[in-house]
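Undergrad: Listed below are the residues making up each chain.
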Amino acid sequence: MESTHKILILDDDADWLELCREIFSRLPSRPEIRTATASSRALGLLDSEPFRLLICDLKMPRMDGLQVLSVVRRRFPGLRTIVLSGLEDEEFRSRAYALGVDLFWLKSDMQQDSKMFLDCIESLLGRDSDGGFRGIQSKGLMDIIQMECLSRSSTVLRITRGPLVAKLWFQEGELFDAEVEGARGEAAFRRILAWKSGTFENLPAEPDRERTITRPINALLLESAQAMDENANPATETQFFDASHRKLTWKLSLLTREGAEFVISAPPEGHGEPEAFGVQASEQLAGWTRNSLEIARRLGETIEAGPLSHIAANGMEKQLTVLAHGKKSFLVGWPLAADANQLLEQSKKLVASWDS
Amino acid sequence: MGFIKKLARLFRSRAAIRQLPVGSLTVNRDGQIITSTVSSTYPKSLLDEIGHEVLALFREARAAQLPLAEVSVHFGSLLITARELRGGTIIFLRPQSVLSQPPN
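Keeping their order, the protein sequence lines are chains A and B. Its first residue numbered 1, the first sequence is counted upward by one per residue in the working numbering. Its first residue numbered 1001, the second sequence is counted upward by one per residue in the working numbering.
With the rest of the complex left out, here is chain B (with noise of 0.2 Å):
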């Protein structure tokens, strides 16, 4: 019995819905999170998960000899819009719908 209850509770954490980040966090240039917004919620990992790929695609691009002012990474659900900050950068993150989009 204690070996189905703990089945159960182990499936019943799976299966829990993660909520999209909202907020805005700043990233210093090493990746590490200077400032957030962000509710504490959220898991810490994630967020700097977010901060490393978007320096990433900045780092890339000064490599490709196109340096970029800022980057919006539009996905299904989240909104993703960055700034580069002198090596750093401002990350926006809005979660986005069907709903949200506004109509033409």
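Looking at chain A on its own, in the form it has when it is part of the complex (with noise of 0.2 Å):
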């Protein structure tokens, strides 16, 4: 029988393996840690010994890391599969997920929250591996969030929708914290459960956190349900105005939050009008903005330059991002002064957000 659980470590970066040696290495359970630079290597080392985790970059030459995790689940479907990469796109992290690993970190993320991860790794190497199921579930936010209560965990569930984030913190089958955009407790709450879709994970449990929601679990589902169902389908119209009411006082505090100048979102031409938030003349905007990317997309086809992602502008008054979302346009007009490196991800949440 293993007395200590070994951790081999995948990265094509030697000086990152040894930092996170150093690192890991000072983990209570005290592993033993293994590394490699080139995927071979690694599935070698997997071949010859017994791993309980491997933890792999995505970025590598020759076979790159989701390579190497699909023949890994393949090959080895018990071990557990950590990916810690600097590459900042959820789509990756979404493949990740769809690949079974147990979790996806940022490298930036590491550095800044190690303890964090640490602790995750420690509870991933805790883990009984003979007991319990694993797998990719397809389970509405409400049957897991009933799953964790009456499993009675303690666990934070990280909900992953796109560029957003939320977080919701249990003990003991308890909720007790909700967190996303700038939002907490049960107004977070309430925001977390009208997500349609999305990826989870589980972090360790955070305790000492500040509690924020005291009401019951099934008090807060039951409201948010039919909160959700009265702004689908209004019975009365004061129940039609507060919906509305609501929506737009979200729109506004989302606009503000994210410091952009204003927000057109168009749908298909002859499919409704478009919606504007800090500027006139939307129907020219939103004109120019469903243009501009057919235009884009017709020359991508031409050239075969793949698909589309966004447009970005800068006029003379305004930084501008032209993103699709769906089947409608967006267009976010940002100041001057903002970052142009951050102005994609902002859109992308921004616009994530707006029709949720």
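One or more hints might be untrue.
Said to hold, decoys possible - One side only, chain A facing chain B, incomplete, derived with CB under 7 Å: (1) Ala227; (2) Met228; (3) Gln284.
Stated by the list, open to error - Ranges of calculated distance between the beta carbons of each label pair, as one might list FRET restraints: (4) Ser108/A x Ser1077/B: 22 to 32 Å; (5) Asn1028/B x Leu19/A: 51 to 61 Å; (6) Glu1049/B x Gly326/A: 39 to 49 Å; (7) Ala1063/B x Thr214/A: 48 to 58 Å; (8) Asp109/A x Ser1077/B: 19 to 29 Å; (9) Glu18/A x Asn1028/B: 48 to 58 Å.
What the hints assert, rightly or not - Derived, one-sided and incomplete: chain B residues facing chain A with beta-carbon distance under 10 Å: (10) Asn1028; (11) Gly1031; (12) Ile1033; (13) Leu1057; (14) Ala1061; (15) Ile1080.
These are computed hints drawn from the structure, not numbers from a lab. All C-beta atoms, glycine included, are put in the ideal place defined by N, C-alpha and C.
Since each chain sits alone in its own frame, please combine them into the complex, following the hints.
TA: What follows is the structure in structure tokens.
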């Protein structure tokens, strides 16, 4: 029987591996750390020795991390896997979780929040490999929350929906805090429950966190379900007015919080009026938004440049981001002083929250 | 036999991978390419298409009372950056890949 667990770290950066070796060797369970700079070497080690955990980078030459993970998933189904990457892209996160990884962590987050990351690793190492089921779940958020409560879990449920991240804190099956997009407590919980899709992961419990939710989970779930139902099918004029008012307030606060100057949301031509906040001449700008995305898509197809991500533009007084979300086209205006490198992520967040 | 060879040649030519354009070009307000550093093996018709569509982006923006100084179109594998030049434009073409994205 193995007395200590073994961790294999795969990354093409030898300096980074050394740093990881130093950090992970401080874990309370004192695991044995092995490293590999190439995927072939890592697979060879996995073949020859039993490991409990593989920590894998994504961006590597020859065979990238996703390829390694798909091989590992098939050949070593009991092995716990963590992706530790510098690529801050939701597509990679979703693809990694679709391959069944236990945790996706950014290198920058690991440096900023190393204690949390080490707790996650310790928790994964400590889990009994003979008990419990693993796999990809496709459940509604209400089901997942109820499961956490019924099993009296102590955990932090991190839910990711595109660029948006939410957290729910449980202690012995009791929900005691929720956080999303600057909101906390019951208001945050209601917003999270409105999400229709996303991925989730379990992080170690944080029992010392301040309590913001005191009502029982069943009451909250019932109330949220009723509110969602009323929003979707307002029965009276008052309910309709309340739902519209809530949406308007939410959108204005979202615009202010992200620091955008204006947003235009344009449905496909002939499918309703554009919605504009913070700007006039919305019809004209919505037309330009639709047309510019259409021009770019056409160009991309002609020159075979791959799918269109977005258009960034600089005007005399503003920076602009044009992007599609679902069937709608969005134009987001930002002040000239805003950090251009952050605008795409901020625009994606804003757009993802807009109709939720 | 000759027919099969011709067919095989035809399929081979269709399956060929086209390289992405790299370099810069200047286009006047009529859409004519004035200068270009893009490889001469890249089809001229496609460069013309790029020039025309980029000019259309600037033109549509002016029509919407939103004059632009610079536009960047981000595709999965190509970044097109264009700066307005008195009705014409200078366009920079840079292939992109996962590996070329700087890690955060």
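Undergrad: Take the hints in turn and mark each one as holding or not.
TA: Hint check:
1. Ala227: violated (36 Å)
2. Met228: At about 35 Å, which exceeds the 7 Å cut-off, the nearest Cβ of chain B leaves the hint on methionine 228/A violated.
3. Gln284: holds (5 Å)
4. Ser108/A x Ser1077/B: 22 to 32 Å: Taking Cβ atoms as reference, serine 108/A and serine 1077/B lie about 25 Å apart, which means the hint holds.
5. Asn1028/B x Leu19/A: 51 to 61 Å: holds (53 Å)
6. Glu1049/B x Gly326/A: 39 to 49 Å: violated (28 Å)
7. Ala1063/B x Thr214/A: 48 to 58 Å: holds (56 Å)
8. Asp109/A x Ser1077/B: 19 to 29 Å: holds (28 Å)
9. Glu18/A x Asn1028/B: 48 to 58 Å: The hinted range 48 to 58 Å holds for glutamate 18/A and asparagine 1028/B, with Cβ atoms some 56 Å apart.
10. Asn1028: violated (19 Å)
11. Gly1031: violated (13 Å)
12. Ile1033: violated (15 Å)
13. Leu1057: holds (6 Å)
14. Ala1061: With a minimum Cβ separation of about 6 Å from chain A (threshold 10 Å), the hint on alanine 1061/B holds.
15. Ile1080: holds (8 Å)
Going down the numbered hints, you'll see the structure goes against 1, 2, 6, 10, 11, 12, while the others check out.
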